[in-house]
Amino acid sequence: MTGRSVRNVLEAVLSGDLGSMTLLESFTHAQLAETPNCAHIVLTRDTVVTVLKRLRANLISPAEVQAWASFVKRGYIVGRSTGPVRPVDIEYQRGYETAISESISRLDEIGDVVDGVLREGEIDDFLAALALGE
Amino acid sequence: MQQASNRFFRDATSKSQDFQIGKLDDGGYRMQFFSPANNPGYGKLYVQTIDATGEIVTEFKDAMGPDGLIERKWLNGGPS
Numbered sequence: 001m002t003g004r005s006v007r008n009v010l011e012a013v014l015s016g017d018l019g020s021m022t023l024l025e026s027f028t029h030a031q032l033a034e035t036p037n038c039a040h041i042v043l044t045r046d047t048v049v050t051v052l053k054r055l056r057a058n059l060i061s062p063a064e065v066q067a068w069a070s071f072v073k074r075g076y077i078v079g080r081s082t083g084p085v086r087p088v089d090i091e092y093q094r095g096y097e098t099a100i101s102e103s104i105s106r107l108d109e110i111g112d113v114v115d116g117v118l119r120e121g122e123i124d125d126f127l128a129a130l131a132l133g134e
Numbered sequence: 135m136q137q138a139s140n141r142f143f144r145d146a147t148s149k150s151q152d153f154q155i156g157k158l159d160d161g162g163y164r165m166q167f168f169s170p171a172n173n174p175g176y177g178k179l180y181v182q183t184i185d186a187t188g189e190i191v192t193e194f195k196d197a198m199g200p201d202g203l204i205e206r207k208w209l210n211g212g213p214s
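So the sequences go chain by chain: W and P. Here the first sequence is numbered in the working numbering, starting from 1 and rising by one per residue. Here the second sequence is numbered in the working numbering, starting from 135 and rising by one per residue.
Hints listed in this document are in silico derivations from the structure and should not be mistaken for laboratory results. Possibly wrong hints are sitting among the right ones.
[To be verified] Pulled a few chain P residues facing chain W out of the computed Cβ check, cut under 7 Å: (1) ASP145; (2) THR147; (3) ALA171; (4) ASN172; (5) ASP185; (6) GLU189; (7) ILE190; (8) VAL191; (9) ALA197; (10) GLU205; (11) ARG206; (12) LEU209; (13) ASN210.
Using N, Cα and C, we set each Cβ at its ideal position, and we do this for glycine too.
Could you build the full structure based on these sequences and the hints that come with them?
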């Protein structure tokens, strides 16, 4: 474990630093859920745009993006708990909620047996929607 | 309950349908919706149950095809 705080790692993940997902996964869910000021963690349009552009440029893998999208969508890391979990409360930037939601939901589907691969041009469509907002 | 349902349903897409919320005997709730896939006849059923305090007890998504369930992916809870 490094000296980075849970809050610091959460903020890195929410800023699109997918490399911090591994560190995030080293925390227990209880540690994540108890992070101070979690209610004010916001996923911004700019972060989603950055992740989409890096995915389009093959700078990050589809699997990395899926794991990231799953976390920011649900507020917990899937498959780690058999008991109840209280998700980290991650808000979507106001004015872009729908565009962010559509993008994140689709990225979370990567690897699924149905619609598990992004079609050509789909990332461009999301970027266009994120440029416009609601 | 309101916060949990807002979080769950906010990620339904514009294509999603069949939104449902049902109260469970233990005071919790079961929420679900269906999102059609790009390929007609296919789609995904998203299901989440929460307890009376709003914590997520189980969550899974079912990949559905013309002949029914293709695959269930557990996200939280479920068979150990």
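Comparing the hints with the structure gives:
{"no.": "1", "hint": "ASP145", "verdict": "holds, 5 Å"}
{"no.": "2", "hint": "THR147", "verdict": "holds, 5 Å"}
{"no.": "3", "hint": "ALA171", "verdict": "holds, 5 Å"}
{"no.": "4", "hint": "ASN172", "verdict": "holds, 6 Å"}
{"no.": "5", "hint": "ASP185", "verdict": "holds, 6 Å"}
{"no.": "6", "hint": "GLU189", "verdict": "holds, 4 Å"}
{"no.": "7", "hint": "ILE190", "verdict": "holds, 5 Å"}
{"no.": "8", "hint": "VAL191", "verdict": "holds, 5 Å"}
{"no.": "9", "hint": "ALA197", "verdict": "holds, 4 Å"}
{"no.": "10", "hint": "GLU205", "verdict": "holds, 5 Å"}
{"no.": "11", "hint": "ARG206", "verdict": "violated, 10 Å"}
{"no.": "12", "hint": "LEU209", "verdict": "holds, 4 Å"}
{"no.": "13", "hint": "ASN210", "verdict": "holds, 6 Å"}
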